[in-house]
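Engineer: Sequence:
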Amino acid sequence: MGQYFLWDKGKKMYFQLPETWQVLNNVVLESKRVEKSVCQMVSESITHPIGTLPLQEMIKPTDKTVIIVDDFARPTPKQEILKPLIGHLKKIGINYSQIDILFGVGTHRPLSEMEVEQALGREFLHEIRSTIHDSWSETLVSVGRLKTGAEIKINPLLLKADFRIGIGSIIPHPMNGFGGGAKIIMPGVANYEAIREHHMGYLIAEGASIGHTKNNPFYEEICETARLAKLDFIINCVYNSRKEVMKIVSGHFEKAHEFGMDLSLQEYGVNIEEAADVSIVSAFPLDEGPQILKALVPATKVTKSGGTAILVASIRGGRLPDTLLNAFDVAFGLAADDPKKLVMDYVRDGKLIMENAPMDFNCALNATLLNLSYVNVILVSKDIVEGQAKRLGFGYADSMDEAIKKVFRNIPKAKVNILPAGGLVVTNVKKESSFQ
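If you read the sequence shown in the working numbering, its first letter stands for residue 8, the second for the next number, and so on.
If you are wondering where the hints come from, they were derived from the structure by calculation, not from laboratory data. Watch out, some of these pointers could steer you wrong.
To be verified - What follows is a list of derived Cβ distance ranges for each label pair:
#: 1; residue 1: G325; residue 2: G151; range: 36 to 46 Å
#: 2; residue 1: E145; residue 2: K18; range: 43 to 53 Å
#: 3; residue 1: K413; residue 2: L132; range: 45 to 55 Å
#: 4; residue 1: F12; residue 2: N435; range: 44 to 54 Å
#: 5; residue 1: S119; residue 2: K16; range: 33 to 43 Å
#: 6; residue 1: T54; residue 2: D344; range: 55 to 65 Å
Glycine is no exception: its CB is placed at the ideal position from the N, C-alpha and C atoms.
Please build the complete structure, drawing on both the sequences and the hints.
Structural biologist: Following this line, the structure appears as structure tokens:
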């Protein structure tokens with residue numbers, strides 16, 4: 008029996024497979040050792056940016072500056088980036104009173120007090136103003152319209168500022184291709200109605216897929232929103248397969264982002280020869296509530312239609328939100344044993360299955376229902392109990408050994424694909440399943 012591993016909570020989880028199972032692809036990504044600290048990489052990147060002048064030549068000592076930071080659904084080392092960035096701004100002549108830190112949470116939950124302190128550090132916690140964006144706020148200001156017609160409103164701090172800096176992470180995204188870049192604006196600091204119309208309008212659009220931004224309408228609309236919001240500069244993290252920051256890219260929100268995406272694809276873009284009977288996938292490094300469900304996208308792509316995906320996931324905070332579970336209860340009640348049709352009908356009509364719920368919940372719900380139309384899922388988790396897994400439409404096992412035994416009973420001779428870090432990998436399957 009061969010021994011393999013998945014990444015989980017930053018550590019390797021080892022497991023064995025039956026001798027009668029054939030591994031087609033074991034996507035173990037070889038990552039180079041990171042030699043520089045995040046602080047050092049930030050300092051170097053903002054003085055040698057991509058597509059813009061160095062930061063000190065773009066910003067004036069009198070400028071009011073807003074720094075937009077992502078939330079904890081992303082692994083961005085916020086404090087390690089803010090410290091050298093604000094130190095750089097001080098050298099330019101910008102003092103604390105000229106700076107606002109805005110957490111671009113989109114429709115995600117607001118940060119807790121502990122998370123704000125974790126992001127800022129005690130050095131800046133009481134010295135610099137910080138605000139958590141509210142996508143439902145009546146104070147948001149119009150900057151234009153989506154191609155589909157919805158009015159785009161953004162946080163007024165951006166319009167009051169003379170200079171706008173976005174901080175984020177470049178990791179695979181099911182519809183935008185990659186996170187980071189302009190996503191700090193849309194959905195980060197935009198209004199709920201525009202986010203809703205944008206996400207629902209392009210949820211299943213041609214070209215809106217993981218790892219791809221060329222001819223991707225989801226991505227293109229997000230970039231246009233960033234132009235309307237006058238995003239001046241980004242600082243984005245590029246990761247290796249261990250979730251270590253291997254590079255910081257700074258500069259123009261499209262050009263620097265494109266450079267970072269190319270680096271990311273070099274690091275964890277992989278060719279898969281064919282879809283398998285069984286895929287074994289970790290959600291790592293995704294660990295924030297519904298974010299873990301994104302790992303089902305590459306899992307489904309590398310699994311034959313009707314096959315089984317074993318998904319290993321850990322939850323930051325130790326539990327799934329009740330609102331998310333309730334959304335799945337509602338969906339399965341409406342689906343009449345055809346979840347794919349339910350999603351397609353609702354997307355076609357521009358409706359949400361769970362009204363007034365966060366958009367990431369609705370997107371996770373829709374994508375998961377589509378995935379379940381093609382594959383069976385067995386969840387392995389210490390943070391999610393069996394009853395909750397069933398509400399998601401999944402089977403459940405409390406260990407990898409148990410999950411493998413369950414699948415082995417039905418598929419004694421299986422072809423297998425293994426994705427040790429499913430939240431990072433971008434797969435190109437030569438002989439795909441019927442899932443597109």
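Engineer: Mind listing which of the numbered hints don't hold for this structure, in increasing order?
Structural biologist: Violated hints (numbers, rising): 4 and 5; every other hint is consistent with the structure.
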